[in-house]
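Asker: Start from the sequences and build out the full structure, keeping to the hints where you can.
In case it helps, mature numbering (1 follows the signal peptide of the UniProt record, and there is no 0) puts the sequence shown at residues -23 to -1, 1 to 112.
Each hint should be verified, as a subset may be incorrect.
Unchecked claim - Straight-line alpha carbon distances no greater than 20 Å define the calculated SDA-like cross-link-like pairs of lysine to any residue that follow:
1. Lys48 - Ser(-8)
2. Lys18 - Cys42
3. Lys48 - Leu20
4. Lys18 - Phe3
5. Lys48 - Ser(-7)
6. Lys48 - Phe76
7. Lys48 - Lys95
8. Lys48 - Glu8
9. Lys18 - Leu(-9)
10. Lys18 - Gly(-5)
11. Lys18 - Thr47
12. Lys18 - Cys4
13. Lys48 - Ala(-1)
14. Lys18 - Gln45
15. Lys18 - Gln1
Stated by the list, open to error - Here are the computed distance ranges between Cβ atoms for each label pair:
16. Ile15 - Thr61: 34 to 42 Å
17. Phe76 - Leu(-10): 24 to 32 Å
18. Leu(-10) - Ser19: 21 to 29 Å
19. Leu78 - Ile100: 39 to 47 Å
20. Phe110 - Val73: 49 to 57 Å
21. Val77 - Ile103: 34 to 42 Å
22. Ala11 - Ala(-16): 18 to 26 Å
23. Leu(-10) - Cys41: 32 to 40 Å
24. Met(-23) - Phe76: 33 to 41 Å
25. Thr66 - Asn102: 54 to 62 Å
26. Lys(-22) - Pro65: 25 to 33 Å
Since the hints were derived computationally from the structure, they do not count as laboratory data. Source: prediction; values computed, not measured. Backbone N, C-alpha and C fix where the C-beta goes; we use that ideal spot for every residue, glycine too.
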Amino acid sequence: MKQIFSIALSLLLLLSSSGIAYAQHFCGDFEMMATFTIGEKSLSCGMASVDDGCEDEEAEEHTCCDNQYTKVTTDDNFSTSQDTFQVPTNFVAAFVSVFVLQFETSAATEVAELWHYKPPPLIKNIPVLYETFLI
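Answerer: Rendered as structure tokens:
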């Protein structure tokens, strides 16, 4: 899916920078011709070149015909986005004090306090008192 999307975007960039346009010729409200062109191509339905046989009279200009061009354009300033990622200093200070320093201080105090600890004397063997023996 990612490959198809990247190919489609690269084709769109290529076509938009090469000047390909979709040209349409309208006579009145109806589309008579449509084609893909490079640049602007003159499309005609033939109504403008109709001769009436009178050379002395000026030919009427047909205003019902119209050419429309649809182009995909891009900005010529291609630049990479330079987003600067800034880590908030409050977050770093809180993270270090909570997670890093807490474990170091608690581990150091436990080792220091356990070296002189002696367990209480064993008066009764507690595991034996709570065990059940099947005969």
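Asker: Look at each hint and say if it fits the structure.
Answerer: Okay, the hints, checked on the actual structure:
no. : hint                         : verdict
1   : Lys48 - Ser(-8)              : 7 Å, holds
2   : Lys18 - Cys42                : 15 Å, holds
3   : Lys48 - Leu20                : 16 Å, holds
4   : Lys18 - Phe3                 : 14 Å, holds
5   : Lys48 - Ser(-7)              : 10 Å, holds
6   : Lys48 - Phe76                : 57 Å, violated
7   : Lys48 - Lys95                : 87 Å, violated
8   : Lys48 - Glu8                 : 18 Å, holds
9   : Lys18 - Leu(-9)              : 17 Å, holds
10  : Lys18 - Gly(-5)              : 12 Å, holds
11  : Lys18 - Thr47                : 12 Å, holds
12  : Lys18 - Cys4                 : 16 Å, holds
13  : Lys48 - Ala(-1)              : 9 Å, holds
14  : Lys18 - Gln45                : 10 Å, holds
15  : Lys18 - Gln1                 : 10 Å, holds
16  : Ile15 - Thr61: 34 to 42 Å    : 41 Å, holds
17  : Phe76 - Leu(-10): 24 to 32 Å : 49 Å, violated
18  : Leu(-10) - Ser19: 21 to 29 Å : 25 Å, holds
19  : Leu78 - Ile100: 39 to 47 Å   : 42 Å, holds
20  : Phe110 - Val73: 49 to 57 Å   : 55 Å, holds
21  : Val77 - Ile103: 34 to 42 Å   : 40 Å, holds
22  : Ala11 - Ala(-16): 18 to 26 Å : 22 Å, holds
23  : Leu(-10) - Cys41: 32 to 40 Å : 36 Å, holds
24  : Met(-23) - Phe76: 33 to 41 Å : 38 Å, holds
25  : Thr66 - Asn102: 54 to 62 Å   : 58 Å, holds
26  : Lys(-22) - Pro65: 25 to 33 Å : 32 Å, holds
Comparing the model with each numbered hint stated earlier shows that hints 6, 7, 17 do not hold.
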